[in-house]
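Undergrad: One letter stands for each residue in the lines below.
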Amino acid sequence: MSLAVPPALEAEIDTLISHYPQRRSASLMILHALQDHFGWLSQEAIEWTAAKLGLQPINVLELVTFYPMFRQAPAGKFQFKVCRTLSCALGGGHALHGHLCQKLGLDPHKHGIQTTPDGKFSVEFVECLASCGRAPVLMVNEAFHEAVTPDQAEALLSQCR
Amino acid sequence: MSTPTPFLPPQTAPSAETIRVKVDGRDIDVPKMMPDWQGKLQPTTMLQACQLAGVEVPHYCYHSKLPVAGNCRMCLVEFGTPMMGPDRKPVLNEDGTPKIARSVLPYEPGTPRGAIACATPISPGMELYPSSAATRQMREAVLESLLINHPLDCPICDQAGECKLQEYSVQHGQATTRFVETKVHKPKVVDLGPRIVLDDERCVLCTRCIRFTRDLVGDDKLGIVNRGSYNTIAAFPGTRFENNYTLNTVDLCPVGALTSKDFRFQMRVWFLKETPSICATCATGCNVTVGSREEVIHRLTPRENDAVNGHWMCDHGRLNYRWVGRSDRLAEVQVRLSSGDLQRSSWTVALDRVAQHLRKATAGSVAIIASARLTTEELFLLRQIGVRVGAIMDSVPRRGEGDAYLVHADKNPNMNGARATGVVGAEPGSQLPRIIEGIRTGAIRTVLAFGEDLVKAGCPAESLGRLEMLVAGDILPNATTARAHVVLPGCAHLEKRGTFINAKGRVQRFRKAVEAPGDARPEWEYLLDLHRALGGPSGPDNIEGLFHWMAREVPVLAGLEWSRLGDTGVTVTI
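Just so you know, the protein sequences line up as chains W and C, in that order.
First residue of the first sequence? That's 834 in the working numbering, and the numbers climb one at a time after it.
First residue of the second sequence? That's 581 in the working numbering, and the numbers climb one at a time after it.
The following block holds chain W by itself, in its conformation from the complex:
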């Protein structure tokens, strides 16, 4: 176990744990905090979480593999999350995703998150981003973009360089 958790992050995590009557209940929040900091959840991060909560690592791995928003490998510097829930699926989400993949040399038919070999861009489908009236929508890291056309998506890509 060789995860270097900065003291500030560990203090934040200790606070998170204190919010729950049972330590175990803080599992998801801790994983989010670790992923926000490290960008992904390594085996060490899972072991660290388990030790922190007095659990077995398999208990934490179950969560990490269940929830699609947890990553077990680093993603790109710029993460494109394209919505494919009903409104966006009808409004051109798949075309948007396909266009991004084509521009970045990724396979639009592949399941799950994909990252360019240089580690700069990731593209993935996500479920509802809560702006169904302005489909299709996507997020680039934490920035939200609505009614995105393929051209606009290309512009977004070029801004990321």
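Quick caveat, the hints were computed from the structure, so don't treat them as lab data.
Wrong hints could be hidden among the right ones.
[Said to hold, decoys possible] Here are some of the chain W residues that sit facing chain C, going by a computed Cβ distance under 7 Å:
#1 T848
#2 W873
#3 E877
#4 P890
#5 L894
Even for Gly, the Cβ is constructed at its ideal location relative to N, Cα and C.
Fit chain C to the supplied structure of chain W, relying on the hints for placement.
TA: Leaving out everything else, chain C in the frame of chain W:
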């Protein structure tokens, strides 16, 4: 493996208060409360009520000794409850019987709705329909769903022949599949631990293995990773599923997902002859079923006995059977010639030689070392012989590590048998130093060693050379049999009938699973001959008669009958 766990729950009686329910139209009174997996009284479930009515409800995840998970859905049963009027009084039919409201979907009153029988408590007047058309349809649907991604590789699956998927497919399955999509492929030949291999594609995700190791053993090593049809049983990368009870998960696994490395691909289970027996690895005496074919033992599996081992046994004991088939087994009666060489002989000649010698021996010059691995009947006979010739007797203690579950620190299966028959006193092994010293000084000139190597027990090998007569009755060659004047090949307990008395005083009978090699005979048979040759009463010549003779002579066993021991034994006070 630190926290105390309900590995062997207390045996609790169901409540005296009963509830009347109907199962397939038949009235039955069942206890209101029944013990759960921890032996605590809980409201009786629909599944228990059906079992009491003698109606089988198919299930994968439910097990009486595991916490209820309710995830496989196979035990869905259609049911109905008495209707209540607005006045909280039962609504009656015209004939005065209570009107039953069948369970239906909330907004689809025409569609029956089942409940999982393993986790649904019964209520007074409830009607269960485990054989109705709707129940059958639910089972078909569940089974079809479970088989969607199953590889259907029964021809090469170890579980074939004892697989719940197969059994329920025969009863509730469909002959053809409607599934035309590509099956999800999951990990195969997963090396979970030193004794377990996992095939994830065959798994039905019942979580029996997870619950067993987490809740009973306290070694929370297994979990389900991934989501949906990619769900997979796994251990955390880099960790091993290796506690001393892992092989119980192979028995618990209702399908061919968890397999034993020892038994994997060794034998089709339908060829195995099954014999009830006892594990002889320690003083717990776990009840086992021996699986053998053509005199070769292929596996031991635990046999249910709530007074001894529940449904379980330890991995070490389970795998401790290969020595029975070792190629260097003693298989010839041998007598040492005046030239010093051992020569093959016959039982008549060898026993005659022993008897002649014993008749001449003076009291106090004979020692008998009787292993606590012998049966109680054999120890009794040795005691009779010992008294007749005035021998000093003892047994060899074997102490080792015990645990909080089933493994006992006493590694002899029958030291209590030795105690009961008087072969040893309060302190087994206390006579050994005196015997060894007697052999060294020449005070003891005759030694009969049964199932024990004197050299291993601390007697210098050169002392044995001074003996006038060394008789070794044993199963495998050792330093004592190599120096003996008479070698008598004996039987492993799996090759004969008899009883052991376990650490808690349980007198347990076992049967013969396989034939012994060559000349080898059960010790009790030739000891009866020897006892007669020494002037003993003609007595019985079968194990039942011998047991009854022993029960008359040994106070602890007073009143016991061979047939009454059954396959699960009787507890006596040692």
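Undergrad: Which of the listed hints are not met by the structure?
TA: Hints 1, 2, 3 contradicted; others consistent.
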